Amino acid sequence: MIMLKDVSKTFTLHNQGGAVIPVMTGVSLTVAPGECVALTGRSGSGKSTLMRMIHGNYLAASGEILVGGLDVAKASPREILALRREELGYVSQFLRVVPRVPTIDVVAEPLLTLGTAAEEARDRAAALLARLNLPERLWSLSPTTFSGGEQQRVNIARGFIHPYPAMLLDEPTASLDAINREVVLGLIADAKARGAAILGIFHDEEARARVCDRLLDVTGFTPGLAA
Amino acid sequence: MDGAEMNIYAKVKEAGPLLSVRGLSKFYGSRIGCADVSFDLFPGEVLGIVGESGSGKSTLLSCLAGHQAPDEGGIVFDGRDMFAMAEPERRRLARSEQAFVHQSPRDGLRMGVSAGGNIGERLMAVGGRNYGAIRETALDWLGRVEIDGARIDDRPSAFSGGMQQRLQIARNLVTAPRLVFMDEPTGGLDVSVQARLLDLLRGLVRDLGLSVVLVTHDLAVVRLLAHRLMVMKSGHVVEQGLTDQVLDDPQHGYTQLLVSSVLQV
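Residue numbers (this note's numbering), protein chains in the order written: chain P, -8 to 218; chain V, 19 to 283.
Isolated chain P, as found in the complex (with noise of 0.2 Å):
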């Protein structure tokens, strides 16, 4: 489902002499239906990055990046759109979202653009948050003044409400009590089950362990830092 070749990446600095940064090189990966993978190595070994460049936020300068048939390395930005819309779920650190709108919104919103009906819409969004233990009365609040824990399950909320047949999770566990961490190691668990391809990073190394299928160290597409 997630299948790379030969990918690197570099930043390329203008407004400092035009330094050329190599960041990644040789990265090849593929992640199947089904099957969770953990993406390891030290901070800075670019995990984030190889994420981005799947999500199609960086650009590759080289290679292949194949998301369910789809290449991100070439793709145009409506395609890229539509694969995310449709097939690739991202559940990343931050929440970025428009102020003052609603928190049971912002978890509907992706069915929205979706084109499922704002009542169904918002009642999956309520049931998803009601299992991320988000008390209801938050729900119409918006997300922007949450605690770090809460806003993280407004993330995965709305990362989980359709099942994209591939998802990157960036920390998913990272800022959650015990039992919290169970719920979203159960939705992992189910969307495994049902079929998706997940690509994580999980600093969290228990629950790493008990989702992940394989790990895959990048400190050996890094420049610099592979031994």
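These aren't lab readings, by the way, just hints derived from the structure by calculation. These numbers come from a predicted model, not from an experiment. Ideal placement from N, C-alpha and C gives every residue a C-beta, glycine not left out. One or more hints might be untrue.
Taking lysine to aspartate or glutamate and the DMTMM-like style, the derived pairs with C-alpha atoms no more than 20 Å apart in a straight line are [stated by the list, open to error]:
{"no.": "1", "chain 1": "P", "residue 1": "Lys(-4)", "chain 2": "P", "residue 2": "Glu100"}
{"no.": "2", "chain 1": "P", "residue 1": "Lys(-4)", "chain 2": "P", "residue 2": "Glu26"}
{"no.": "3", "chain 1": "P", "residue 1": "Lys65", "chain 2": "V", "residue 2": "Glu257"}
{"no.": "4", "chain 1": "P", "residue 1": "Lys65", "chain 2": "V", "residue 2": "Asp54"}
{"no.": "5", "chain 1": "P", "residue 1": "Lys183", "chain 2": "P", "residue 2": "Asp195"}
{"no.": "6", "chain 1": "P", "residue 1": "Lys65", "chain 2": "V", "residue 2": "Asp58"}
Here are the computed distance ranges between Cβ atoms for each label pair [stated by the list, open to error]:
{"no.": "7", "chain 1": "P", "residue 1": "Thr3", "chain 2": "V", "residue 2": "Ile26", "range": "49 to 59 Å"}
{"no.": "8", "chain 1": "P", "residue 1": "Gly177", "chain 2": "V", "residue 2": "Ala168", "range": "45 to 55 Å"}
{"no.": "9", "chain 1": "P", "residue 1": "Ser131", "chain 2": "V", "residue 2": "Arg224", "range": "14 to 24 Å"}
{"no.": "10", "chain 1": "V", "residue 1": "Arg128", "chain 2": "P", "residue 2": "Ile12", "range": "49 to 59 Å"}
{"no.": "11", "chain 1": "P", "residue 1": "Ser67", "chain 2": "V", "residue 2": "Phe45", "range": "25 to 35 Å"}
{"no.": "12", "chain 1": "P", "residue 1": "Glu127", "chain 2": "V", "residue 2": "Ser56", "range": "44 to 54 Å"}
{"no.": "13", "chain 1": "V", "residue 1": "Arg224", "chain 2": "P", "residue 2": "Ala118", "range": "35 to 45 Å"}
{"no.": "14", "chain 1": "P", "residue 1": "Gly177", "chain 2": "V", "residue 2": "Tyr149", "range": "51 to 61 Å"}
Based on these hints, arrange chain V on the given structure of chain P.
Below, chain V without anything else, positioned relative to chain P:
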């Protein structure tokens, strides 16, 4: 699975552009307004155009909207060549299938006419005659832009800046245009009012399937509203692409400077 995948991209490829712009240039004597701008805008898509003052983004917008005649290039709207069109036909298009939201509500509203009148006037311009139906539609649109229906007979001069801007949007959208040009629509507003307007615009774009060309210098606004982004400098498009990609991984030196100059909150 394979069949479904082919479908979502086939949909993307099959739908033709609503607006096609090719080689558009506008010169003021020897000075460049905008030069050799080309892009396609598809149904339901929001294109952001950013750049500093004097980058040519407003010149480009006014050429696209037909407020200025470009010196070179072509614009095709829904299969129709805008420059081969007779003037009355163009004016009719500008009132019905296209709309223009100005930065200052004063430029887009009639300040001496009631709120309901401002909305009704657009409807009458496209042939609306039934007073009751027009008032009903005006009332419906006031509600959609979150203005209390009891204010229908008040003049916009009695409204706050944010309300005036929402009224301008209602006046523009009441004729169900397919393409909306927006020039700094959140420009003069307090941040809290801006947030409400952004939410409103996002909902309208999604629910009505609007295509929008949005000119702004506010990168936070384009991140939340625009699907695609064009960066202009000295009249030229220096970079374009997926909005979050251009903002998070800018390729051109000018875009890198622009993005890194934004103050963090």
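So, going through the hints one by one against the coordinates:
no., hint, result
1, P:Lys(-4) <-> P:Glu100, "violated, 33 Å"
2, P:Lys(-4) <-> P:Glu26, "holds, 18 Å"
3, P:Lys65 <-> V:Glu257, "holds, 16 Å"
4, P:Lys65 <-> V:Asp54, "violated, 24 Å"
5, P:Lys183 <-> P:Asp195, "holds, 19 Å"
6, P:Lys65 <-> V:Asp58, "holds, 18 Å"
7, P:Thr3 <-> V:Ile26: 49 to 59 Å, "violated, 33 Å"
8, P:Gly177 <-> V:Ala168: 45 to 55 Å, "holds, 50 Å"
9, P:Ser131 <-> V:Arg224: 14 to 24 Å, "holds, 20 Å"
10, V:Arg128 <-> P:Ile12: 49 to 59 Å, "holds, 56 Å"
11, P:Ser67 <-> V:Phe45: 25 to 35 Å, "holds, 31 Å"
12, P:Glu127 <-> V:Ser56: 44 to 54 Å, "holds, 51 Å"
13, V:Arg224 <-> P:Ala118: 35 to 45 Å, "violated, 22 Å"
14, P:Gly177 <-> V:Tyr149: 51 to 61 Å, "holds, 59 Å"
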